[in-house]
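What follows is the residue order along each chain.
Number of protein chains: 2
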Amino acid sequence: MRFKATVYVSLKRGYSDPEGETTARALRGLGYSVSGVRVSKVYEVELEAESREEAERLVDEMCRRLLTNPTKDDYRFEIRERG
Amino acid sequence: MRFKATVYVSLKRGYSDPEGETTARALRGLGYSVSGVRVSKVYEVELEAESREEAERLVDEMCRRLLTNPTKDDYRFEIRERG
Chain A
413 MRFKATVYVS LKRGYSDPEG ETTARALRGL GYSVSGVRVS KVYEVELEAE
463 SREEAERLVD EMCRRLLTNP TKDDYRFEIR ERG
Chain B
413 MRFKATVYVS LKRGYSDPEG ETTARALRGL GYSVSGVRVS KVYEVELEAE
463 SREEAERLVD EMCRRLLTNP TKDDYRFEIR ERG
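First to last, the protein sequences are chains A and B. Each position in the first sequence, counted from 1, maps to that position plus 412 in this note's numbering. Each position in the second sequence, counted from 1, maps to that position plus 412 in this note's numbering.
Keep in mind that the hints were calculated from the coordinates and are not lab data. There's no promise every hint is true.
No distinction is drawn between identical chains; accordingly, a pair holds when it is met within one copy or between any pair of copies.
[Unchecked claim] Each computed SDA-like pair below joins lysine to any residue, with the alpha-carbon atoms no more than 20 Å apart:
id : residue 1 : residue 2
1  : LYS424    : SER452
2  : LYS484    : ASP429
3  : LYS416    : LEU442
4  : LYS416    : TYR444
5  : LYS416    : SER447
6  : LYS484    : GLY426
7  : LYS416    : GLY432
8  : LYS424    : SER447
9  : LYS416    : VAL454
10 : LYS424    : GLU458
11 : LYS416    : GLU433
12 : LYS416    : ARG437
13 : LYS424    : LEU478
14 : LYS416    : ASP472
15 : LYS416    : THR434
16 : LYS416    : SER428
17 : LYS416    : GLY443
18 : LYS416    : LYS453
19 : LYS416    : GLY448
20 : LYS416    : ILE491
21 : LYS453    : PRO430
22 : LYS416    : ALA438
23 : LYS453    : TYR427
24 : LYS453    : ASP429
25 : LYS416    : GLY426
Bear in mind that the values here come from a model prediction, so they are computed numbers and not experimental data.
Bound conformation, chain A alone (with noise of 0.2 Å):
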């Protein structure tokens, strides 16, 4: 079965984000009232699996070994079947 796993990585709160902290400051640069940015990457991963439940323990797998750092970031998911 194919299916497709749309990963959100976020920083953890408390660790410091300089391409957020770049971006906000570009911003200010240009004449906006901007407090703070926070730049998130999301994954859209098309994988085979013999089941959701399979597909689910993949995709947790991955983002514990190659998409997010366990140390400074937070991950959540979700997975859809496709045609």
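Using the hints provided, position chain B relative to the given structure of chain A.
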């Protein structure tokens, strides 16, 4: 008034996504049956505006001026008022 905008930026269809391709290759290298990965970005922007309408106008402008590359990116955003 204070608002928080969540801006989703993704590559338009047809544009190659080197980071996604590298990620897919790395996942296959780890043994996963992955046929493709697309990576997109989410900006959470805290801003001041006179009204929700002004906040929407400002965020759309930020997207076109700084947060996206209109040639190759699609974007959408949600805005909510903050306490």
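For each hint, the structure was consulted:
In this assembly of identical chains, the alpha carbons of LYS424 and SER452 lie at most 20 Å apart whether taken from the same copy (10 Å) or from different copies (19 Å). Taking the shortest alpha-carbon separations for LYS484 and ASP429, only the intra-copy value of 11 Å comes in at or below 20 Å, while the best inter-copy value is 25 Å. In the homo-oligomer, the alpha carbons of LYS416 and LEU442 lie at most 20 Å apart only across protomers (18 Å), although the nearest pairing inside one protomer, at 38 Å, exceeds that limit. When the C-alpha separation of LYS416 and TYR444 is checked against a cutoff of 20 Å, the pair qualifies only between copies, where the shortest distance is 13 Å, while the shortest distance within a copy is 37 Å.
Taking CA atoms no more than 20 Å apart as the test, LYS416 paired with SER447 passes between copies only; the shortest distance there is 10 Å, against 35 Å inside one copy. For the identical chains of this complex, LYS484 and GLY426 are intra-copy neighbours only, at 9 Å inside a copy versus 33 Å across copies, given an alpha-carbon limit of 20 Å. In this assembly of identical chains, LYS416 and GLY432 lie within 20 Å of each other by CA distance solely across copies; the values are 14 Å between and 28 Å within a copy. For a Cα distance limit of 20 Å, the shortest separation of LYS424 from SER447 inside one copy, 19 Å, qualifies, whereas the shortest one across copies, 29 Å, does not.
In the homo-oligomer, the alpha carbons of LYS416 and VAL454 lie at most 20 Å apart both inside one protomer (12 Å) and across protomers (19 Å), since each shortest distance falls under that limit. Taking the shortest alpha-carbon separations for LYS424 and GLU458, only the inter-copy value of 17 Å comes in at or below 20 Å, while the best intra-copy value is 26 Å. For the homomeric pair LYS416 and GLU433, the shortest alpha-carbon distance between copies (16 Å) is at most 20 Å, but the shortest distance inside one copy (32 Å) is not. Taking the shortest alpha-carbon separations for LYS416 and ARG437, only the inter-copy value of 17 Å comes in at or below 20 Å, while the best intra-copy value is 36 Å.
For the identical chains of this complex, LYS424 and LEU478 are intra-copy neighbours only, at 17 Å inside a copy versus 25 Å across copies, given an alpha-carbon limit of 20 Å. Only within a single protomer do LYS416 and ASP472 lie at most 20 Å apart by alpha-carbon distance; the minimum there is 13 Å, versus 29 Å between protomers. Proximity of LYS416 to THR434 under the C-alpha cut-off of 20 Å is restricted to the inter-copy arrangement: shortest distance 18 Å between copies versus 32 Å within a copy. Taking the shortest Cα distances, LYS416 and SER428 sit within 20 Å of each other only across copies (18 Å), while inside one copy they are farther apart (31 Å).
Taking the shortest Cα distances, LYS416 and GLY443 sit within 20 Å of each other only across copies (17 Å), while inside one copy they are farther apart (40 Å). In this assembly of identical chains, LYS416 and LYS453 lie within 20 Å of each other by CA distance both inside one copy and across copies; the values are 16 Å within and 17 Å between. For the identical chains of this complex, LYS416 and GLY448 are inter-copy neighbours only, at 9 Å across copies versus 32 Å inside a copy, given an alpha-carbon limit of 20 Å. Taking the shortest Cα distances, LYS416 and ILE491 sit within 20 Å of each other inside one copy (6 Å), while across copies they are farther apart (27 Å).
With identical chains, the CA atoms of LYS453 and PRO430 are at most 20 Å apart both within one copy (14 Å) and between copies (15 Å). In this homomeric assembly, LYS416 and ALA438 come within 20 Å of each other (Cα to Cα) only across copies, at 17 Å, whereas the closest approach inside a single copy is 35 Å. Taking the closest pair of Cα atoms, LYS453 and TYR427 come within 20 Å of each other both inside a single copy (15 Å) and across two copies (18 Å). In this homomeric assembly, LYS453 and ASP429 come within 20 Å of each other (Cα to Cα) both inside a single copy, at 12 Å, and across copies, at 14 Å.
Taking identical chains as interchangeable, the C-alpha atoms of LYS416 and GLY426 lie at most 20 Å apart only when they sit on different chains, with a minimum of 19 Å there against 31 Å within one chain.
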